[in-house]
Structures are given as structure tokens and as C-alpha cells.
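Start from chain Y and add chain P according to the hints.
Residue numbers (the UniProt record's numbering), protein chains in the order written: chain Y, 1 to 341; chain P, 1 to 373.
Derived from the structure by calculation, the hints contain no laboratory data. Note that the coordinates shown come from a computational prediction; the quantities given were computed from them, not determined experimentally. Just so you know, even glycine gets a beta-carbon here, dropped at the ideal spot from N, CA and C. Fair warning: there could be bad hints in the mix.
Label-pair distances were calculated between CB atoms; the ranges are [stated by the list, open to error]:
1) P:Phe187 <-> Y:Thr283: 42 to 50 Å
2) Y:Gln307 <-> P:Phe337: 20 to 28 Å
3) Y:Arg27 <-> P:Leu120: 49 to 57 Å
4) P:Pro38 <-> Y:Val114: 46 to 54 Å
5) Y:Ser314 <-> P:Pro38: 37 to 45 Å
To give a feel for the contact side, a few chain P residues facing chain Y, derived at Cβ under 8 Å [said to hold, decoys possible]:
6) Arg135
7) Leu145
8) Ile146
9) Val193
10) Ala194
11) Ile306
12) Val308
13) Thr312
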Amino acid sequence: MSATTQSPTTASPSRTPSAAARLLGDRRLPVAVTALLFLVMYGVGLSRYQNYGFAEPQVFLNLFIDNGYLLVAAVGVTFVILSGGIDLSVGSMIGFTTMFTAWLVERQGLPIVVVIPMALAVGAFGGFLMGYVIHNFEIQPFIVTLAGLFLFRGLCLVISKESISIGDSSVSSMAQAQVSLGMGFLSIGAIVSLGVLAVAFYVLHYTRFGRRVYAIGGNEQSAMLMGLPQGGTKIAVYTVSGFCSALAGLLFTLYIQSGDPLHATGMELDAIAAVVIGGTLLTGGSGYVLGTLFGVLVLGLIKSIIQFEGTLSSWWTKIATGVLLCAFILVQRFMTTRKKT
Amino acid sequence: MTTSSTTPSRWRALTHHHLFWPVAVLVLLLLVNVPFTPDFFSVKMADGHLYGSLVSIVLFGSPLILVAVGMTLVIATGGIDLSVGAVVAITGALACSYISDQADQGALSGVLLAMGLGLLAAVVCGLWNGFLVARMGIQPIIATLIIMVAGRGVAQLITDGQIITINSEPYKLIGGGYWLTLPFSIFVVAAVVAVTVVLTRRTALGLLVEAVGGNAEASRLVGIRSRRIKIMVYAFCALCAGIAGLMISSNTSAADGNNAGLWIELDAILAVVIGGTSLLGGRFSVGGTVVGALVIQTLTTTIYTIGVPTQTNLVFKAAVVIVVCLLQSPKFRAKVFGAKFAAGFAARRRAGQAAAPAGSAATAESTAKMEVS
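With the rest of the complex left out, here is chain P:
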């Protein structure tokens, strides 16, 4: 930061930061709401809880953030996990059916056991995915397709094809409850994100994950246990999906094997891409993913508030996917904006990502200069 003391270079440092564009899109989307709902940014206090559009965006976006954070690490290793939606359904189904069998559904011990059971099942699914990908060497899309197809069947098997409704106060807390005036799910999400960031950025783990994603074979040759890292990452992703599953079923007080977490894997992948993580693997940004997930949730909310028919939601999402992917494609930039701009943009991006782990925007700028010259 010492090199950039003047205003223009500080501005450049800001726009070159890897979170700049996702955050800019998020702010823009939030501002779009203001003309339609003037009190969009106001947060009211009622019954000791905070209410407001911003709070509900985070509340309803919580499961997506969780799933997307897990997905980020999987994508960073060059993989993809399509089974998260099914894992969401299985976890919710298992936890709810266990609770509904209890004599006293409000008993804390029973609820904790149910949650443990659900999360255990999720981790088993993740280990299975990781085993197929890392040990058997099957393409991630295909390996995770198995649980994506069979998982919903398993979830329906657990719930016996019914929607199980439960009435349990402690369980309700995870997805629908409030704590310290805020939705409890916000704390869960904050904890998971914090743990992920600390593990990946304050220890070497993040570097190892990126190394595996960059070149699994090379990383194995330099002594990284790439297979073990891959298995761990899939298990972690499934665990995140499991927590999201608990949250979704808790919020509705019901387990729906068919519809719980439907299409969440696609939204999660979209969030990761918007957050600036390349689908090719090798580098990632957890912060970007959180912003990406918030962008998707805000988009949904915006579509509701500005009165566009809700069914066009999916068309908007498709447009966002296409625009984001086109902008990430060097070939598209070269064709549309000219080769010079594309080269500069690519260098800037690369530099921004290289500097992202160090957390210094100033180095990003200097590397960018080096690469351009």
C-alpha cells in the first residue's frame, strides 16, 4: 500500500481488487430496488427481532451461501459437485424423520442426535464422491451424477414418499429462529465462512487446494497428497450442503425428499462463477462466492419487488450466467473489445488473483504493470 498514495492509483487498486466487480454488481442490484421500495434499506425492530429486506436477503440466501462455499473448494480443485441438492434432501429427510419418531420432539438431545445423524449421512455422501473422483479417477461431473440421481430416491425412501412435518422448537432455531435479534442462520453461515477462510488462508491448506486444482499430477509429484485433499474437499462440500439441508428443513419444519434443495447445485455453481472463481480450478475466492450468492438472492428479491412476473426469474438467471461467462472468456473479450483490451484485462485478472491470497492490492498493481510492459 505504500507505493499507492495518490488518489488515481488507489482507485486503480480498488478496481483491480478481485472482489470489485462482484461487489459492484451487488450494490447496483440493491440500488435498483430503491425506486420501487423506498424503504428498502431500512431495518426495523419488532418483537426484539430485526426485520427488513436486507435481513431477509441474508436469511433466505443462507443455505445457498453454505452450499456455494463448499462448492468453491471443490471447483478450486478442478472438480464440480452436482450431488449437493440431493445431499440437502437426504440430510433434511433423515433429521426430520428421526425427530418425528421421538416421543418428545422438543427434546434437545434428540434434536442434536438427529442433526448429527443428518450431517453424518452428508459426509458419507461426500466421502463417496471423493472416493470416486480421487481414487477411481472418474470425472467429477459423472461421479457426482450418481448421488444426484439416486440421492433423491434415497431421500424419498427415508420419508416414505411423504412430506414429513415436525414440530420441534430447538430444531426450528437453525433455519427459522432468531438469536441476538438476528436470524440464527446468519451466525451459522458466518461461522462456516470464518472457519473456511481461516483454514484456507491462514494455513497452507488453501494453497494446497489451489495446487491440486492447477495441476493434480504435478502437485502429487512435489509431495502433496492430492488424492487426500480431493476427498477432504468433497466431504467438506457435502457437510456444507448437509448444514444447508438442516436449515431448509428447519425453516419449513418439513422434509420434502422431492423438492428440498432442487436446483441448488446450479445456483451454487453460478454463485461461485460470479464470485470470480474459474471453473477450470486452480484458484478460488471464498469472499467472492459469498458475494456471488448474495447477488443471486438479491436478483431473486429484486425480481419480486419490481413486479416483474416471478416466472421470468430463470430467464434473468440464464442471462446472468451467459454474460458472466462471456466476460470471463478471453476469446470473447478479444473478439468484442479488441485484442489489446483483452490482454490488459487478462493480465489484470491474473495479477489480481495472484495477489488475492496475499491480500495486498498494491502488489496486484505492480504485477499488472510488469505483465503489460
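Next up, chain Y with everything else stripped away, as it sits in the complex:
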């Protein structure tokens, strides 16, 4: 797109960019690569485990059911990374929300309908506080959200050292509800996560707020000179991330029907990995939230292929995630240098 037309090689009218150069300069390429990777992996799965029922539509739908919470968390992280920041408190916030919800429902006897808005408010407020400190005191996001990581994990343990299982009937009926799609079904959590994705897509690409997020991530200095309210946008981005983490925590609570102080340890890494694999530039300012969806699906597919494989052990998930992460970071690196020169 614009990147290719601005590059010096195309400045002389005699030379038009080749198809390959145009393709490599296209910002949508990383997303396309991830989508292609997903299709290839799915194809490999189909050919290898055809006799084990891999081809059933429900296996595909289960990717959304089993990774809905990760998708929601990753969407929140996408906002932060697009704005050029980072949020390490995601996993802790998810763990805290499971604990908070389980404690209020089981120990305090509050109905889940009352607890859900409370949990979301707490998450959004936590994100707001972190954003406030980051913007107003100019402390690096990395260290502020690290403090958030410690704080929320600590608060989990303050609530209870042991896990609290949820036996509440309205929660379990909500968790077990199936939304039929004809060829299979989705859980409520999966539907909510797709809804969040749709809202995020709209906000990032069709609203003023979304443009500001991209502008600040692209170049904070020029965004400021343009008169964009960068402070408000930054704080809002962390608030969105906190809200999404809390929502992811609620979905995780539904999925696992318990609160545990060690739930979702390290999930911020999965979320960041999904965003990176989805093609969002870690320096901010470039990327698509739909890429994040593919990032999450690729990570989910690794897990289900390892399940189907049976003999492979779970640690291969981590290694495969690391290798993919590395490959995509290097691809991004080459693409950004190409754009600069």
C-alpha cells in the first residue's frame, strides 16, 4: 500500500515495483502468512488424524471453545501493543478474576449476575490505575504492569491459598450451555469471545479512538504534535486491556468452574505470543486484530494436534510456541527494515 509507493526505489517513474516487492511491502502480509500457516497446520492434522475424527467440524469449533478466554485476553493485549506499550499483568488479572468470582459466588453467596459486572469493573479499574501511573509519572509500562502482575497474584493468595470450586447451579448451567450451529455447537464463552473480537475490530478500524491508538503506536512524538490526546488514549488502552483480562478471567472461570490462585500463570506470554504470531508489530502502530484471532487459533491448533498425536508431551507446546514466536519476530524484523530503506 502506501509503504511501497513511498519507498525510494519507486520514486523514479521508470521503475514500477515488482509484484514481489509490492507483496513484501504489504502490511497485510503477516496476517496472510499466519492464516496460511493455520490452514497448512489444519491440513496436516486432517491428513494425519483423519481416522481419529479430526475432520469433524466440532474439532474446529472446539478451538474457539477451548481458547475463547485466550482470544479475549489477546484482543486486550493487541490494543496495548498497537499503542506501543506492553501489559504483563494479564495472566495475574485472569487468575485474580477467577478467585474473586469464585469467592464471591461460593463464600459470599452473591448471584453470578451481580458478580460479573463487579469483576469487570475491578479489572477495568486496575487497568486504568496502571495506565494512569504509566502516563502521569512517565514510568515504563513494563515495570508498572510488572507491579500489577505481583499485586494481582498476591491478592489472589490473600483471598485464599486453596482453590475454590464453584458448585453454583446457575454458573454450571451457563458453563454447559451449548449454542447449536447445525454442524456443531459453541459455548457461551466462545460466542462472547467472538463478540469481543468483532467489537475490537470495529473500534480499531472504524472509530477515532482506534486511529489514535495506531497513531500513538506509530510515532508518539508526531501524534502529540498533531494534538492527539495521547494521555487519555494511553490510559484508555490499559483500561481496555484490564477489562478484557477480567472478561477473559470470567470466561476462564466458566470454562474451568473454579477459582485458583495459580490459574493462568504466565498466560500474558501466550497472549503476547498470539498477538506477535498474528502479525502485530511489537514496536506498535501496525497490525490487525484479526491477525490476533489467527495467532490464537494457531496456538490452539498446536495444542489439539499434540493431543491427537498422543505420544508427544505437553512441553512440546511451549517449544513449538517459542519457535513460531522466533520465526514471526524475524519475519517482522525483515519486513520493517525493508520498509525503512
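Coordinates of chain P only, in the frame set by chain Y:
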């Protein structure tokens, strides 16, 4: 020192020293323990070993000090290394699985080989991080994230997902043994810290590291091989983490790919920040980091001894991170204490750091005066 002969200026020189606040916090934390455990400072002799709270703080804090010292240099170059926890796990896993395969687990040669193997793997991880950061130009947080994610998987792969327990006397020495009545790990830490201080403060290396952290491009233009220095620093950091990994696995006589060194990178970064090294890079204090690591370990011990439920440990740590970072932020100081105080404080800090390599508090004072006036 010749200029400050009167008592008030000596006091000022002391409070302006870059180690003053970290040490003050450490002393304060240690004193908090006294009302709860009256014999906190007493050190007893039993079985030819020294026992006491102070000894155990240093013993249990050893791995953290090592990791934090390596992290200090990485942060001084403007980077950060998130992979140290995974490197700890890999090193321990490799060494322990090698020893457990030996017929005679107590054989010194086998143990030395196992340690060498573990440390080699650690250095390879560090070189990889350095390669990504210095050669490929990837942000340090992201570059080291790769090994942070994949490393634990590798460690579990090495141990086959199990916790490998070993029974080897020579290996036990590194993390759990005693030598000359003191825990052996104290000597290891002392040696690493001494080597680091000598290399960075008695040679130009420290200056070069700070130059790279201050402005990598400018330092390259004046002829410093900034890329090579960055790679070296990441390798050194991983080596320190590797030694810590040997220590942790030796202390428990087991390799746990999942939990060994979990969150140690965060504690190490915290130690570096408490020690007065800015996360922006460009200057560092190894002494401050050692004190910072001791502060964290003392905090943990204090929480145990005063009977606060141990689970609030993390909340305390979060509070410490926030307070330390807020105090380091010029904007926060300006808003809370007023602009004048903040300016004075900033000048004092800058002066203290500028003078730190020279090791003279007197120059710090004179520069501070110059900057204020």
C-alpha cells in the same frame, strides 16, 4: 574528601552516596525483625557451621544476587533479559540429568563435566539472545521472550517432564554445602561479584557498557564495538543465571523444569531497580544491585518472621516496586514534593551517579552544587 572535613558536609556526602538509600532500606528492614526475633542478629556455631538469620538470608539470596548482577549489565546497555528463569531451569535440568546417568554420582569428574555442560548451555542461550538483540536489532523484551517461553519446554524435555532427583556429594556443595564454616554459595557469589566489579570498574569495560546503554549509535560512531559488547553482556548474564541454576538444583538435589527459577527474572529486575540502576540504561551499580537483592531476600524473611501470612509476600513486593519506581520518576517527585525539591533531587542523583565510577563522594557534592546553582 579533602574539601569535606566538617561534620555536616560529611553527612551530606554520605547521604548523597548512590548506595545510601538502598543500604538504609536494608538496615531498616533488618531492624524491623528485632522486636519479633530478639536474637535476629546472633550467629551461632554448630557442627562447625555458622547458623543464623543473617547467614540464611545470604544463603537463600545467593541465586538472586547472581542473576541480578548479570541483569545489571544487561540493563546498563539499555536492554532487559526475561529468559534468565528459563536458563536457570535448563542449566539445572542438564546438569542433574547428566549426573543421574552416571554410574557413580559422587565422582568429581562427572560432576565437573555436568556443571560445564550446564554452563555451556546457558552461555549458548545468552549468545542467542545477544545475537537477536545486537545483530538482528530486535527489542530486548521480545528477543528474550522467545527463550522465556521455549526454555521451560526445553528444560522439561531434558528431564522428560519429571523432577530428577540426584544424590551427589560434590554437587551438593555448590548450593547446600559449607566451606570454612560458611555456606559455599557465599564464596561463589563473592567471586562472581568481585570479578564483575574488577572487570567493569578497574578496566574500561564498565565505561563501554555505559556508553552503549547511553547511546548505542553514538558509541558505535566513536569506535566502540557496541554490538560485540551487547552480545558479551547477554552471554555473561546467562552465565550468571546458569551458575544460579546449578546452585538452586544443588540445594534441592533435584531438577524441576517447571518451577526452578520461576519469576526470578522479575525479582532480579526489581533488585536492579532498587539498587539504583535506571531501566533506561547508561549507568549501573553492581554494589547497589547486591544490596537490592539482599533487600528482597530480607523482605521475604521479614514477612515470614513477623508472622504476616506468607501469601501477602507478592503484595508487599508490588508495593515496593511501585514506591521505588515512583520515587525514581522525576514527574512524580515534581507533582508530589514540588518542582524545586525534584530538581534538587534529580541533580543530586545525577551527580551521585556521575561520581560513582570515580568512587569519590566529595566530587559528587561539588558537582551537585554546580548543577543547582
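Consistency of the hints with the structure:
no.	hint	result
1	P:Phe187 <-> Y:Thr283: 42 to 50 Å	holds (44 Å)
2	Y:Gln307 <-> P:Phe337: 20 to 28 Å	violated (57 Å)
3	Y:Arg27 <-> P:Leu120: 49 to 57 Å	violated (41 Å)
4	P:Pro38 <-> Y:Val114: 46 to 54 Å	holds (49 Å)
5	Y:Ser314 <-> P:Pro38: 37 to 45 Å	violated (49 Å)
6	Arg135	violated (10 Å)
7	Leu145	holds (7 Å)
8	Ile146	holds (5 Å)
9	Val193	violated (24 Å)
10	Ala194	violated (29 Å)
11	Ile306	violated (16 Å)
12	Val308	violated (11 Å)
13	Thr312	holds (6 Å)
When the structure is compared with the earlier hints, violations turn up for hints 2, 3, 5, 6, 9, 10, 11 and 12 and for no others.
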